[in-house]
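Visitor: For reference, the chains in residue letters:
Number of protein chains: 2
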Amino acid sequence: MPNTQIVRHPERAAYDRSTVDAILDAAYIAHLGAIVDGAPVVLPYVCARIGDELVLHGSRLAGTLTVIAQGTPVCTTVTHVDGLVLARSAFHTSMNYRCAVVHERARLVDDPAEKARMLDAMFERILPGPATQVRAMTDGEREATCVIALPLDAASAKVRIGGAIEPAADGDPSVWAGVVPLALRAGTPQPDAVTGADAPPPQLR
Amino acid sequence: MPNTQIVRHPERAAYDRSTVDAILDAAYIAHLGAIVDGAPVVLPYVCARIGDELVLHGSRLAGTLTVIAQGTPVCTTVTHVDGLVLARSAFHTSMNYRCAVVHERARLVDDPAEKARMLDAMFERILPGPATQVRAMTDGEREATCVIALPLDAASAKVRIGGAIEPAADGDPSVWAGVVPLALRAGTPQPDAVTGADAPPPQLR
Chain A
1 MPNTQIVRHP ERAAYDRSTV DAILDAAYIA HLGAIVDGAP VVLPYVCARI
51 GDELVLHGSR LAGTLTVIAQ GTPVCTTVTH VDGLVLARSA FHTSMNYRCA
101 VVHERARLVD DPAEKARMLD AMFERILPGP ATQVRAMTDG EREATCVIAL
151 PLDAASAKVR IGGAIEPAAD GDPSVWAGVV PLALRAGTPQ PDAVTGADAP
201 PPQLR
Chain B
1 MPNTQIVRHP ERAAYDRSTV DAILDAAYIA HLGAIVDGAP VVLPYVCARI
51 GDELVLHGSR LAGTLTVIAQ GTPVCTTVTH VDGLVLARSA FHTSMNYRCA
101 VVHERARLVD DPAEKARMLD AMFERILPGP ATQVRAMTDG EREATCVIAL
151 PLDAASAKVR IGGAIEPAAD GDPSVWAGVV PLALRAGTPQ PDAVTGADAP
201 PPQLR
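Residue numbers (this note's numbering), protein chains in the order written: chain A, 1 to 205; chain B, 1 to 205.
Calculated from the structure, these hints are not laboratory results.
With the C-beta cut set under 8 Å, the calculated list includes, among others, these residues of chain B facing chain A:
| hint | residue |
| --- | --- |
| 1 | 33 |
| 2 | 40 |
| 3 | 63 |
| 4 | 84 |
| 5 | 86 |
| 6 | 88 |
| 7 | 91 |
| 8 | 141 |
| 9 | 164 |
| 10 | 174 |
| 11 | 177 |
| 12 | 194 |
| 13 | 202 |
The beta-carbon is built from N, C-alpha and C at its ideal position, and this holds for glycine as well.
Could you build all of it, start to finish, from the sequences and the hints given here?
Guide: Shown next, in the form of structure tokens:
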């Protein structure tokens, strides 16, 4: 089990599953780091927490995923940038964020029934609700897809919230300080040319 | 020089600096992967491109940054999620994104004048405009901060834009397909209790 203890700003650390799960569940992507040919490689993957695992997928042809699927140590990190924390000095200027780090070896999901279940659950994370409106996945499509699962046993979270922490001597009222919230927001859905006028638009999570 | 050739979906790859720079310049954070005690560690850092380098900073007390500053191989990745690409099948459902990957060893910036210049430039990336409104950084604050720079010699980009690519047989007009744009957006700035009514609010980039 790798060392997941957070040393820097331990007051921002959390190790409980509910904090970790909430961060993972709010994410569309995770950055996975692996050692490939002796050097680190960090790539983004669509992710979904399914029960006690973080599940990622990709093409069976993708080289890095093939290495990861062999069960080498990997580190998978999800970060949400929640705001700019503007202080009255550069030093105390910061960001609010939620970050979850999963230290684990990946498990290649090769049981066909489990793989089908996980792919359905991943799709459901992108577009909630029964996937009955879309064409079912074919066996060939499922075979072309590589699914890996990372147990959440060694996961940790780090969260910064609130305004700047600065010495009272910096407190000049003529200088604006505070928080500018940031969030990933959806714009207006843009249907493709085939979509009919009566097709119900997507209901995002 | 590590292998930065993109194998999977090479039509989405770009190696020109203008594409890489635009992706880095739009980012608040990068995910840096290093090998610590034999295992990969991926952590988020505030980042700013300054000329031909991607610059990161952190506390001098932070353990992972100390390892990175020693010049071991690292991989630093910036990803923007630009949209959900909803197809009429789970298999062709995708995401639009812009991703830049920088494969390089970090350079510890320890020249005091260069470090001061870089810290000013990093602050300017968070809050554009002259930093004259905030208190100048003290020598002690500068010494407490570790600055590293990653040359952009071995950087690559991967970009997906546009709608779903699906077979014509899937084109059922009763099913909505298209793109839901996603973007990190700023909310209403929230001043702290010290901020006076006349303090000019921040002008974000």
